[in-house]
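Please build the complete structure, drawing on both the sequences and the hints.
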Amino acid sequence: MSIFFPSGRSARRLTSFGHRLGIVAVTLLGLLALTFFIGRVMPLDPVLSIVGSDADQSTYDQVFKQLGLDQPLYTQFAYYLRDLLHGDLGRALLTGNAVTADIARVFPATIELATIAILFGTFVGVPLGVFAATRKGRMGDQVVRVISLCGYSVPVFWFGMMGLIIFYAWLDWAGGAGRVDLAFDGLVQSRTGLLLVDSALAGEWEVFHSAIKHITLPACILGLHSMAYIARMTRSFMLAQLSQEYIITARVKGLSEHEVIWNHAFRNILVQLLTIVALAYGSLLEGAVLIETVFAWPGFGSYLTSSLLLGDMNAVMGCVLLIGIIFVTLNLIADALYQVFDPRTR
Amino acid sequence: MTTTTSPAAFDSTPQSSAQALRQNLLRNLRKLLRNPLSVAGLVVILLLLLLAAFAPLVATHNPLLQDLGNTLKAPSAANWFGTDEYGRDIFSRLVYGSRITLYIISLVTVIVGPVGLTIGVVSGYFGGWVDTVFMRITDIFVSFPGLVLALAFVAALGPGLDHAVIAIALTAWPPIARLARAETLSLRKADFIVAVQLQGASPLRILVRHVAPMCLSSVVVRLTMNMAGIILTAAGLGFLGLGAQPPIPEWGAMISAGRRYMLECWWLVAMPGAAIMMVSLAFNLFGDGMRDVLDPRSE
Amino acid sequence: MKLPYLLAACALSIAMIGSAQAKTPTDQLIIGMSMNNLLSLDPAGATGNDVVEVNANMYDSLVELDPADTYKILPGLAESWSVAADNRSITFKIRKGVKFHSGNPLTAEDAAWSLQRVLKLNLALASVWKGYGFTAANVEQNIRALDAETLVLTLPEPTDPKLVVYTLGTSVGAMVLDRKKVLANEKDGDMGRAWLTTNEAGSGPFALNEWRQKDVLLMTRYDGYWRSPAKLKRVVLRHMTESQTLRLMLERGDIDVANGMSVPDVEAMKKNPNVGIEAVKRGNVYYVAVSVKDAKFADKRVRLAIRNLIDYDGINKTVMPNYGLYHQRPVQMGLPATLPNPGYKLDVPAARKLLAEAGFPNGFKTTIRVLSDPPFINIATNLQSTLALGGIEASVIPGTGNQVYGAMRDRQFEIIVGRGGGGAEPHPHSSLRSLVYNPDNRDEAKLTNFQGWRTSFISPEINALIEKAEIEQDEKKQTAMYQEIQKLYDQQVGAIQPVSQMVDTVVLQKDVRNFHSHPASTTRWREVSKQR
Numbered sequence: 001m002s003i004f005f006p007s008g009r010s011a012r013r014l015t016s017f018g019h020r021l022g023i024v025a026v027t028l029l030g031l032l033a034l035t036f037f038i039g040r041v042m043p044l045d046p047v048l049s050i051v052g053s054d055a056d057q058s059t060y061d062q063v064f065k066q067l068g069l070d071q072p073l074y075t076q077f078a079y080y081l082r083d084l085l086h087g088d089l090g091r092a093l094l095t096g097n098a099v100t101a102d103i104a105r106v107f108p109a110t111i112e113l114a115t116i117a118i119l120f121g122t123f124v125g126v127p128l129g130v131f132a133a134t135r136k137g138r139m140g141d142q143v144v145r146v147i148s149l150c151g152y153s154v155p156v157f158w159f160g161m162m163g164l165i166i167f168y169a170w171l172d173w174a175g176g177a178g179r180v181d182l183a184f185d186g187l188v189q190s191r192t193g194l195l196l197v198d199s200a201l202a203g204e205w206e207v208f209h210s211a212i213k214h215i216t217l218p219a220c221i222l223g224l225h226s227m228a229y230i231a232r233m234t235r236s237f238m239l240a241q242l243s244q245e246y247i248i249t250a251r252v253k254g255l256s257e258h259e260v261i262w263n264h265a266f267r268n269i270l271v272q273l274l275t276i277v278a279l280a281y282g283s284l285l286e287g288a289v290l291i292e293t294v295f296a297w298p299g300f301g302s303y304l305t306s307s308l309l310l311g312d313m314n315a316v317m318g319c320v321l322l323i324g325i326i327f328v329t330l331n332l333i334a335d336a337l338y339q340v341f342d343p344r345t346r
Numbered sequence: 001m002t003t004t005t006s007p008a009a010f011d012s013t014p015q016s017s018a019q020a021l022r023q024n025l026l027r028n029l030r031k032l033l034r035n036p037l038s039v040a041g042l043v044v045i046l047l048l049l050l051l052a053a054f055a056p057l058v059a060t061h062n063p064l065l066q067d068l069g070n071t072l073k074a075p076s077a078a079n080w081f082g083t084d085e086y087g088r089d090i091f092s093r094l095v096y097g098s099r100i101t102l103y104i105i106s107l108v109t110v111i112v113g114p115v116g117l118t119i120g121v122v123s124g125y126f127g128g129w130v131d132t133v134f135m136r137i138t139d140i141f142v143s144f145p146g147l148v149l150a151l152a153f154v155a156a157l158g159p160g161l162d163h164a165v166i167a168i169a170l171t172a173w174p175p176i177a178r179l180a181r182a183e184t185l186s187l188r189k190a191d192f193i194v195a196v197q198l199q200g201a202s203p204l205r206i207l208v209r210h211v212a213p214m215c216l217s218s219v220v221v222r223l224t225m226n227m228a229g230i231i232l233t234a235a236g237l238g239f240l241g242l243g244a245q246p247p248i249p250e251w252g253a254m255i256s257a258g259r260r261y262m263l264e265c266w267w268l269v270a271m272p273g274a275a276i277m278m279v280s281l282a283f284n285l286f287g288d289g290m291r292d293v294l295d296p297r298s299e
Numbered sequence: 001m002k003l004p005y006l007l008a009a010c011a012l013s014i015a016m017i018g019s020a021q022a023k024t025p026t027d028q029l030i031i032g033m034s035m036n037n038l039l040s041l042d043p044a045g046a047t048g049n050d051v052v053e054v055n056a057n058m059y060d061s062l063v064e065l066d067p068a069d070t071y072k073i074l075p076g077l078a079e080s081w082s083v084a085a086d087n088r089s090i091t092f093k094i095r096k097g098v099k100f101h102s103g104n105p106l107t108a109e110d111a112a113w114s115l116q117r118v119l120k121l122n123l124a125l126a127s128v129w130k131g132y133g134f135t136a137a138n139v140e141q142n143i144r145a146l147d148a149e150t151l152v153l154t155l156p157e158p159t160d161p162k163l164v165v166y167t168l169g170t171s172v173g174a175m176v177l178d179r180k181k182v183l184a185n186e187k188d189g190d191m192g193r194a195w196l197t198t199n200e201a202g203s204g205p206f207a208l209n210e211w212r213q214k215d216v217l218l219m220t221r222y223d224g225y226w227r228s229p230a231k232l233k234r235v236v237l238r239h240m241t242e243s244q245t246l247r248l249m250l251e252r253g254d255i256d257v258a259n260g261m262s263v264p265d266v267e268a269m270k271k272n273p274n275v276g277i278e279a280v281k282r283g284n285v286y287y288v289a290v291s292v293k294d295a296k297f298a299d300k301r302v303r304l305a306i307r308n309l310i311d312y313d314g315i316n317k318t319v320m321p322n323y324g325l326y327h328q329r330p331v332q333m334g335l336p337a338t339l340p341n342p343g344y345k346l347d348v349p350a351a352r353k354l355l356a357e358a359g360f361p362n363g364f365k366t367t368i369r370v371l372s373d374p375p376f377i378n379i380a381t382n383l384q385s386t387l388a389l390g391g392i393e394a395s396v397i398p399g400t401g402n403q404v405y406g407a408m409r410d411r412q413f414e415i416i417v418g419r420g421g422g423g424a425e426p427h428p429h430s431s432l433r434s435l436v437y438n439p440d441n442r443d444e445a446k447l448t449n450f451q452g453w454r455t456s457f458i459s460p461e462i463n464a465l466i467e468k469a470e471i472e473q474d475e476k477k478q479t480a481m482y483q484e485i486q487k488l489y490d491q492q493v494g495a496i497q498p499v500s501q502m503v504d505t506v507v508l509q510k511d512v513r514n515f516h517s518h519p520a521s522t523t524r525w526r527e528v529s530k531q532r
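Chains as they are written, first to last, in our numbering: chain H, 1 to 346; chain U, 1 to 299; chain W, 1 to 532.
Honestly, I wouldn't trust all of these hints.
Stated by the list, open to error - Here are the simulated DSSO-like cross-link-like pairs (lysine-lysine), alpha carbons at most 27 Å apart as the crow flies:
no., chain 1, residue 1, chain 2, residue 2
1, H, Lys65, W, Lys270
2, W, Lys187, H, Lys65
3, U, Lys73, W, Lys270
4, W, Lys99, W, Lys120
5, H, Lys65, W, Lys446
6, U, Lys73, W, Lys187
7, U, Lys73, W, Lys271
To be verified - Label pairs and their computed distance ranges (CB to CB):
no., chain 1, residue 1, chain 2, residue 2, range
8, W, Lys96, H, Ala101, 35 to 45 Å
9, U, Trp80, W, Asp313, 53 to 63 Å
10, U, Pro36, H, Ile248, 22 to 32 Å
11, U, Pro36, H, Glu245, 29 to 39 Å
12, W, Glu444, U, Gly128, 47 to 57 Å
Rather than coming from a laboratory, the hints here were simulated on the basis of the structure.
We treat Cβ as the ideally placed atom computed from N, Cα and C, and that holds for glycine.
Put into structure tokens, the structure is as follows:
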């Protein structure tokens, strides 16, 4: 080993990295196989989705063959993997587009939503957590605890519907369903697919404004769960720091409480916070499935659900692969952050 | 502990440890009851249990009885929470719905607990390729959002309450297995296990009699904390039309059906939603309190 | 603790940003609808009603049916047409000077090629043509362009030519495609199938700009349209599945037209002075079907009992307003041949008696397969409770259209609540062929497109009459035959019991002018404008 790698430690690190990549590959492969299997036992018939329920049998049989469904299962999976290695995820049966193109089209909408959601979660959750830590055991702490547990307990789809009634129908603060007012649809040329960015780049401030109005409500509701998670984690990280020796020293030195908390304790939990924000970001994909349904958000979640319900397995597999990669990558990033910055693992 | 210990001493060990466990439990319970939030959670859970047990007594109407002449009525003295699109009494449906909720929770827990425990314990105790295989499998499940996976499973199985339960269970066991495995790993080299091994006890016996019981408490805590998540996933599936099917008064499905009338008839959506939230909050409060008590590190 | 304040300020400022009433621009029509069923735009492979409306505005057909009176056939790309004396061929004279969106001139060759393509590709829309006896092999011979302006359809089998002309006016498969444009985009001999799924090659009043599936479809006016350019500059179709969302947006003026709103929302909109409601009858019926393959339902008495256990009045009063109209005949309502409703009623004692006679004094257990959307699921829920009155314990198995009709095609069901019956053509044959006709009841026959076959209900007399009526040239005699079929169907207790005739309800802003929903879904927007 040491012949190939300069020093023992980095060698260990490299092999462990290689090992981990291997695990990731196996995991993703397993995920695909699982989805493929699920797809085949599904009582949904993609052929009927294509030809309609009134087509006659010769049409049905013809499309059945065209989709390769007459091949044995393992052959189909092997073909899928072969194409995958060439970067080809196949065609979505129902849209007629390449799955990669479909995903590239719907994914930015979800990214945009999730990013605003995580910003909301972080910028509300972190102060709440710090606040709770400084009031440990007292009223404030309990209030934050209840708030964050509520965040865990809310059925997001229900909150979305209530939000739509209150903030859109009654108060008229938020935009309705969709990413932007309908009349603005398709007016901005898509560069990044992120409507906020695109409209700002194009200087279309009306569109930008409309997009902000539309995204705020679903993003905040989607971000509730992350907010709760981040608040709780921040609290426990802060508590761990506040009981440390150096905090006591700082207090003894007569630093103001504000300085002690923000400049000393908080600075030390930043890395930990970053890792959990990364993890929370990944889990937003789950809530997106429900929120996108309620808000008619043309994103990844609704694409996945509708493909699933129509039995469009190429599309579903593509989505599964992407979600798996995102989850695994975020986990790797979180791990790496820990390894690099945390003195104990170093 | 080596060969010097007499066999007799071992027979008494589980007894004393069970006793210790009981004392521990009592102490913890007392601690738990000191936290008003956990007590609130516990009270709601107990209420839910009572409600489910005595649903026919509490409900004012037959939850399935349609009355097409009395549809979409606002809350009133006759129908406390109003009526739905078929004229069914929402309060009574909520009351009976508590049974569905409890059914889902308990069934999932009953499946997930033993399965997760067994896989975790076996995997942790034997290590090697058994461990590798099981942990790769849990990796697959953990590296994917639970709701999406449950969605896929239900889509494969076909919609329905029992299918939803199976789907949720399928996605809920990996964290339990991982927990049990971690506990087992820390126990595997413990003196008393080594001692039993030297006694020539079969691995099965060791796992069943000695390892599994030690993992039980943390698994139970974890299961309690999972319950809120189970409720929400089940409601989410019901909302997407893949969970309980009509006319079963499952809360998520009630919201899903009610959303078509949401604007005039807020009670169709607001009531079941509030019920889901309350119960899920109760389980969270209770589970949270339990974790505080059993895991002082999180304080 | 500065962050929370900052945040609060942010939230407030976002909330304060203008709340001006959003009004749609006057030269745009914005339609909110569910685009879940909009899968392929290819006229040969399109399924469902939604695509008919879209394609009716991007393409032209040879003839059109008058939305106000569907018996009236209006000229489209064909200036005129004539039926041969023996009823075996139809000759169309194609209009001169029509240009496709690409600028290519439209000729009879394009029309012939488009129809041939449908049969050669053998996708969804081929069914109806195969029903007339056209096949991929004989179509080149039977559908021919004599010259640039003359198209001749030779009917391979005797049928009612009126029926064929109706089909030309209603089927998406009869839209005329720009042959050169399509062939330029052909891949591996697919006759442009892949390309046409998401693109268009028509001559209609609007041209497709962009289609993002399950999101939005944008069209702009085609200024070279042969009639005269449309009044609207742009049409936007927006994917919205939630009726409540549609309603909110309608109330707020964010959309002009809402398709597929639920009953309570339509009812609520009736009170709104700013919107109008357009209901239009479609050819399909909502029905309760039983599988005669199942031993229980093979017994006529059981089928009759089921017929007595449907609460026609209750369903039509509470569930069906804006979805359907009280109707119990297998022939669509409103045709000269349609008999008045027989007046079936919920009659529990009669049903119980029949069940007891059939050997089920305590009822039995069964399943109802049904689409999980309204009004299907509501009909099924209602049926479930009335069946229970007769002692029949039915569990409801909801599913997507695929699951429900898939099971029906496989003949794997007991009871289905569904919708069907062809019926785009205003002709009894269209309904009967789809709902009743079953020329070969063997499983191997796989006549999956016939709902009659799916239910395994077969009546040789009815079959013979349907075949005879189709080629009867004397209209009076034909009508009498169709009425005879309906009587026979009533006596023999057919497996498919219609409950309601389908109605589509469109809600639109008052300022939208000339929007006429078409019974065959070919709603054309070229005359639509807004007046404020």
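Those earlier numbered hints the structure runs against, lowest number first: Of the numbered hints, 1, 6, 9 do not hold.
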